[in-house]
Amino acid sequence: MRSCRTTDERLFAFVDGLDSRLDDHVAGCDECQQFLADLWTGELADDLSEPVMRTIRFDEFLASAARLGIDIAVAMAKALVEYGPQADDGEAGE
Amino acid sequence: MVEHDLEAFGELVRRHQDFVFGAALRIVRNPVVAQDLAQDAFVRAYRALGSFEGRAQVRSWLYRIVTNLALNAVTRRREYPTDSIPERATDSGPERQAELAELRHRLNDVIEGLPENLRRPLVLREFGRLSYQEIADEMDLPLNTVRTRILRARRAMREDMEAWR
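Sequences listed follow chains B and F, in order.
So that you can map any letter, position 75 of the first sequence is 75 in the working numbering, and since no number is skipped, the others follow by simple counting.
Count along the second sequence starting at 1, add 94, and that's the number in the working numbering.
Any given hint could be a false lead.
With the Cβ distance kept under 7 Å, some of the chain F side facing chain B (calculated, not the full set) [said to hold, decoys possible]:
| id | residue |
| --- | --- |
| 1 | ARG109 |
| 2 | ASP112 |
| 3 | ARG120 |
| 4 | ASN124 |
| 5 | PHE146 |
| 6 | ALA250 |
| 7 | MET251 |
Some, not all, of what chain F presents toward chain B, calculated at C-beta under 7 Å [claimed, not checked]:
| id | residue |
| --- | --- |
| 8 | VAL152 |
| 9 | ARG198 |
| 10 | ARG214 |
Rough simulated footprint, nothing fancy, chain F against chain B, three-plus residues with beta-carbon under 8 Å [claimed, not checked]:
| id | region |
| --- | --- |
| 11 | 7-15 |
| 12 | 20-27 |
| 13 | 30-41 |
| 14 | 48-59 |
Hints listed in this document are in silico derivations from the structure and should not be mistaken for laboratory results.
Glycine residues also receive a C-beta, built at the ideal position from the N, C-alpha and C atoms.
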C-alpha cells in the first residue's frame, strides 16, 4: 500500500477518466506517479526525443536569425548616418 | 545553447516521454493528439528550464505542463469522452430489462472477443475478485504486466462498447 493510501483501483479509475479528483494529488505524489509511469511504459509508439530536439534547434535558429536581422538593420542604419547623403550635407556645413 | 545540454535534455525526454504521453492521453483520449501535446510539453519545458528551480521533481513539473496543455486542448476541441453507457430509459419496466439483457449479452461477446492474454486476467479480476498479486501468482506474470493487461482489456472493451452504441 502506498504511503498516501491511494489504491490501485482508484488510480485505474483515474487513468480511465472516471475519477478526476486525484489530479492534484498525482501531480505531487511520487509513488502514484511511479505507478502511472510503470503502467504507461511502452504506450508511446514513437521516440519523441529527436522531434523535440529538432524543434528546439529550429526555434534557436529562428531566434538567431532574428537577432542577426536586428544587428544588420542597426549596422545599416549606422552606415547610412555616417556615409549617406545626410552625412555629406553635414560635412559640407563644417 | 550548448549542444551537450540539449543532448542531456533529449535523455530526459526519453526517460519521461511515456509518462507525459500517458498523462496527456488520459485527458484527450486521442493518441495522435496526446503525442503532439507530449512533444509540445517537452519543448515548453526546455524553454522554461530557467524558471524550474528544482524544488519539485522533474516528473511532477512535466506532469503539470502537459496536463495544462491537454486541458486547454479539450476546452478548445470539446473532445472529452463519455465513458458511461447512456441511459435510454429511467424506469425498470420490460423495456429497460430488455435493454439490460441486450447489454449483458453484448458485454459477454466483447469479453469473449478479447485475446486470451487480456481476457484471463480481466476475468480473474472482475469476476474472480482476485487481487493483482494473486493474479500475477496464478498466471506466473510480473505484477505490472497484470496491471497493464487489465488496463488494455478494459480499454478494448470500452472501445467495443462505444462502437456498439
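Hints and how they fare:
{"no.": "1", "hint": "ARG109", "in the structure": "violated, 9 Å"}
{"no.": "2", "hint": "ASP112", "in the structure": "holds, 5 Å"}
{"no.": "3", "hint": "ARG120", "in the structure": "holds, 6 Å"}
{"no.": "4", "hint": "ASN124", "in the structure": "violated, 12 Å"}
{"no.": "5", "hint": "PHE146", "in the structure": "violated, 15 Å"}
{"no.": "6", "hint": "ALA250", "in the structure": "violated, 12 Å"}
{"no.": "7", "hint": "MET251", "in the structure": "violated, 11 Å"}
{"no.": "8", "hint": "VAL152", "in the structure": "violated, 11 Å"}
{"no.": "9", "hint": "ARG198", "in the structure": "violated, 21 Å"}
{"no.": "10", "hint": "ARG214", "in the structure": "violated, 18 Å"}
{"no.": "11", "hint": "7-15", "in the structure": "holds (count 4)"}
{"no.": "12", "hint": "20-27", "in the structure": "holds (count 3)"}
{"no.": "13", "hint": "30-41", "in the structure": "holds (count 8)"}
{"no.": "14", "hint": "48-59", "in the structure": "holds (count 10)"}
Hints 1, 4, 5, 6, 7, 8, 9 and 10 from the earlier list are contradicted by this structure; the remaining hints agree with it.
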